[in-house]
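Residue numbers (this note's numbering), protein chains in the order written: chain A, 1 to 289; chain B, 1 to 306; chain C, 1 to 546.
These are calculated hints, taken from the structure and not from any lab test. Here a beta-carbon is modelled for each residue, glycine too, at the ideal position from N, C-alpha and C. Mixed in with the good hints there might be a few duds.
From the structure, some residues in chain B lie toward chain A, with a derived Cβ separation under 8 Å [said to hold, decoys possible]:
no., residue
1, P14
2, V15
3, L22
4, F24
5, A30
6, M137
7, V140
8, I142
9, F145
10, W146
11, F153
12, A241
13, Q251
14, V278
15, I281
16, I286
Part of the chain A face toward chain B, derived, beta carbon under 10 Å [stated by the list, open to error]:
no., residue
17, L33
18, L36
19, V146
20, L222
21, A225
22, G263
23, D278
24, A283
Output of the computed footprint for chain C on chain B, the stretches with three or more beta carbons under 8 Å from beta carbons of chain C [what the hints assert, rightly or not]:
no., stretch
25, 43–57
26, 73–86
27, 89–96
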Amino acid sequence: MNRSGGNIEGGESSRGRDVFRSFLKHRGAVVGLLILLLFIVSAVGAPWLAPHDPYDISAERLLAPSADHFFGTDPLGRDVFSRIIYGGRVSLQVGLVSVGIAALTGTMLGLIAGFVEGPLDNVIMRAMDILLAFPGILLAIVVVAVLGPSLTNLMIAIGIASIPMYTRLVRGSTLAAKQEEYILAARAQGMSDVRLILRHILPNIASPIIVLSTLGVASAILSAAALSFLGLGPRPPTAEWGSMLAASRNYIRRAWWLVAFPGTSITLCVLAINMIGDGLRDALDPQLD
Amino acid sequence: MTTYVLRRLLSAVPVLIGVSILVFAMLHLAPGDPARLIAGEEAEAEVLEQWRERLGLNDPLPTQYWRFVSGAIRGDLGQSLRTNRAVVEEIGDRIGNTLRLAAVGMTLAILLGLGSGTVAAVFHRRAMDNVVMVGAMLGVSIPGFWFGLLLIFVFAVTLGWFPSSGASGLRHLVLPGIALGVRAAAILARMTRSSMLEVIRRDFVRTARAKGLNERTVIYRHVLKNSLIPVITIIGLQFGALLAGTIIIEQVFTWPGLGTLLLHSLNARDYPLVQGIVLYIAVGYIAVNLAVDLLYGYLDPRIRYD
Amino acid sequence: MYPHKTSLFIATVAIMLIAAMTAFGCAGPVGDEPAPEEEEETRRGGTIVIGYSEEPPTLDAHGTTAAATVSVLDRIGDPVLERDPETGDFIAHIAEEWDISEDGKTLTLWLRDDVTFHSGTELNAQTLKESWERILEPGHEVALGRMGPLGDLVVEDDYVLRIEMEESFAPLMNWVSWRSWAQPVDPDLVREYGDDYGRNPGSIGPYRFDEWLTGQEISLVRNEDYDWAPEFYDNRGPAYPDALRLRYIMEDATRVAALETGEIHITSLPSTEVERFIDDPDFEIFSYPRGGVSMHVLFNHEREPMDDLRVRQALSYAIDKSAIIDVAADGRAEEAHGPLPPTMWGYWDGVEDISYDHDLERAGALLDDAGWTLDEGESVRTRDGEPLEITLYLTSFDHWVLTAEMLQAQWRELGVEVIIENYEWGTVLEYLADGRHHTALMGYSTSNDPDWLYRVFHSSQAGGAGINRHHIRNDELDNLVERQRYTMDPDERLQYAGEAQRFAVEQAVQAPIYILTEYVAVNRKVEDFAIDYRGNWLLHDMWLNE
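Pulled out of the complex, with its shape left as it was, chain A reads as follows (with noise of 0.2 Å):
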């Protein structure tokens, strides 16, 4: 992940714009705007696009997909429609905050890491190792399962399952830009190191973390609905797309609107969100490994 650019300096906004071009240009990238935009506006609308209370229950077991139901309706007799518009918000903030979690951690001692270097350096980094020892999803797993399901664990567990990433990616290019000339010129001028990572180091690295948070949001998203589907999510009645999959299984064959319609928004949401992260991969050009 070495990167060669200084290019940082001078020509911002244009570059900005060229970026913004070339992502426009990436069709895929367009249409998973385009999706994930419909996502956006129904899950913030949610209150006023939803047609029923996704918590409304009624003796309306049941039903298929109609005008009036449009996804149909669940055991409890809610709208499954409007409990996938709000199902929405939360695979979002999901997917948001706990890469949130992840990036702003993992970026942070990534700087430290790399800035610092020395023992601090290697006591990061080791623990990091511990990290990546086992897979992402068994350590939220193993977590939610010791604090409990609930949303906020939900997003804590996928959060720290996923920081290593983030650390490994901005030591390396911190040290990278280290060696850098121009670093090294304003270091000599006296330049404070807090200034100099924001002025010279985050900027040179914002484009591969910019790539990976994006892409990190749709496996935060998917990781959500696997935990959900084991009975780890958030608590019931909560809407969610991977517990009401989950939930569902047991009508699979009376009622297919209740397995179709969540499988079907989660990989929809996804789909949006892995193809805007090809698109800006493209446009961006960060050498990610």
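The hints should help you fit chains B and C onto chain A, whose structure is shown.
Just chains B and C now, kept in the frame of chain A:
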């Protein structure tokens, strides 16, 4: 080379110690009392106490940890609290199933991934390329457990072609193998394609083409061979991810592997068993990563280990 | 009817079975005429596959009371006394005769002399004694807990064993007929395998343990020597199938799929699948009320505001049991009214008249009265500015979650905010012992005696010492459940148990909800499968018709 391997192995030791402390601490500091689960929900305090005493749960945590570590060094991971069998034995009963499933998933992923990736690269920017790329994009986006459920109800229940559960023959491996392998296949397809496209652009390929070699020879003899190096790394990394994927896919197909055992023992707060399984998975994971590194160096002699 | 000296105890049993019979119709065995010889031959052979959701932790009869273990032990072992599948009477089996003393302290058993263990060793008074004494060894507390105040086991003769209890112990006969931990364990296998006996069990039943593929299945093969089937079976010799395979498939959907594809012949159905199978000509469906104590809401009497009778009553009135049953059990359950199941001897049917029927208005009035009022435009009641917010603890079993979601919605209608706290089983039990909950969902799979009331209501059992998860400490209730426990007169016992049940309902100590109905689907290729009135599977006449 030998020193490199030795050093890598040695550096795994502190990592494993860290892993064991982490898992031990998480399990023991959390609520949930294995004695209560073993003695039954109707058990009285007195019976519970006898169980705690016998299971050593009343000892101070460092004592319990030391008992675990000193046993582990001797290859004894203790006994399952729930079944009273040796943890090593419990894991031994299941690990073969998980490895077999992972092997089938990986084989499918490699065949499908390399095949479709090659096709996409050869037909770059044509319909086939698009089909493969869209398929691959779907493949990395679809939740494996949902895909597994769909497979069960199409191929097991509706069509009746394959059994939906059980682990007794090759036929039982098909559906979970596909559900498990689809993600790795998609990633491999993308990797193979981009790696091949990169090689195609290189000079020696142009030279080969200029020499008038037919396209098939160029692709097989030169391009495929040279693009395999990064692909193999991905295969290694995906094998690790696939092992993790078994935890969830095993649930869907009730596959009697380490994943189902892990979830079961987590719920039962069967500490020694959870610790044992996590340790096994960590060791496997570290070993796979080491193997990938070594293989990489073997395939690409420019890389030196010092 | 009874060939031996009658006693208080037998009277107890008689009352019990009458109660059981009136409460439920019976699903007795399908009594075919005894098969002629050639027919007998055609019935032999084949392997019947039974699907279960839960794998046993061990097959050691003394190591666990897990239902999954019992379902295997029931195939490989036989109890010393049997119970008539239609009436529940004790009937001779391995013990050809028995005698129970007036004071209920001594039970003498006269054993058959032709019964052998799977290892070939003879079953006699000595080997049976060894078998039961094993329960006293450390590690077997689970079984010991059910055994009561055992004094001594005395071998009177080769085939005569006397059980002496230190105190009168009402459930003694019941104990001897128990289908798991009281069955004889093979002494040779115990000696050979020691701690590993649980993976290599043996007994005297119609099937021998063959192999255990962990996480997949347990296979059993026919015991050719078996010649002592109980009298209510037509087949008195060895079982018809060559083998039984017990397959463990946790996932309901997967297990049902396996039933449909013919991979398994017999399995219990999740209630959501019953409708689909009930008219399917390929399967026969059996049903019976699930044993144990019904699903109920525990109120924690030590936490505000649950210490207020009006609040507990209001919450009870606000529960619409039939709506919950529709959702959680797909309509396939019975409403519950009191702390004991109607199938249990000692059940007082008066609870049905005084239980709380759904009445939201009354519930609201009670809360108003208690000071919890609903302000205009608000959805949650408050008292002195404090919102009426309570927790509901549970573990994430499928129908429990549905039940909790329904309760939450129904109580919200009353203006009570409910926070669902779901944890895995072990954690929930610990939290309940600590008394963290306002309310909790609970149900128990075992219990067969009104002494249950003592265990869940007596103050000595509160605070983690026992299973009084209501944390109720009430002198009147203590007094009633104690009297029930120490009297030997069944009439008096019934009276105290009844009064305790009345108290529990009147004081809304808990809120009973429903008793699930169990459904078992049997592939039509399997003939003569039967179930007794308590839900025990009777499999000795069963054969595979292919």
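So, going through the hints one by one against the coordinates:
no.	hint	in the structure
1	P14	6 Å, holds
2	V15	5 Å, holds
3	L22	6 Å, holds
4	F24	11 Å, violated
5	A30	4 Å, holds
6	M137	6 Å, holds
7	V140	6 Å, holds
8	I142	5 Å, holds
9	F145	5 Å, holds
10	W146	4 Å, holds
11	F153	6 Å, holds
12	A241	7 Å, holds
13	Q251	6 Å, holds
14	V278	6 Å, holds
15	I281	5 Å, holds
16	I286	6 Å, holds
17	L33	14 Å, violated
18	L36	12 Å, violated
19	V146	4 Å, holds
20	L222	6 Å, holds
21	A225	5 Å, holds
22	G263	4 Å, holds
23	D278	8 Å, holds
24	A283	16 Å, violated
25	43–57	holds (count 7)
26	73–86	holds (count 4)
27	89–96	holds (count 3)
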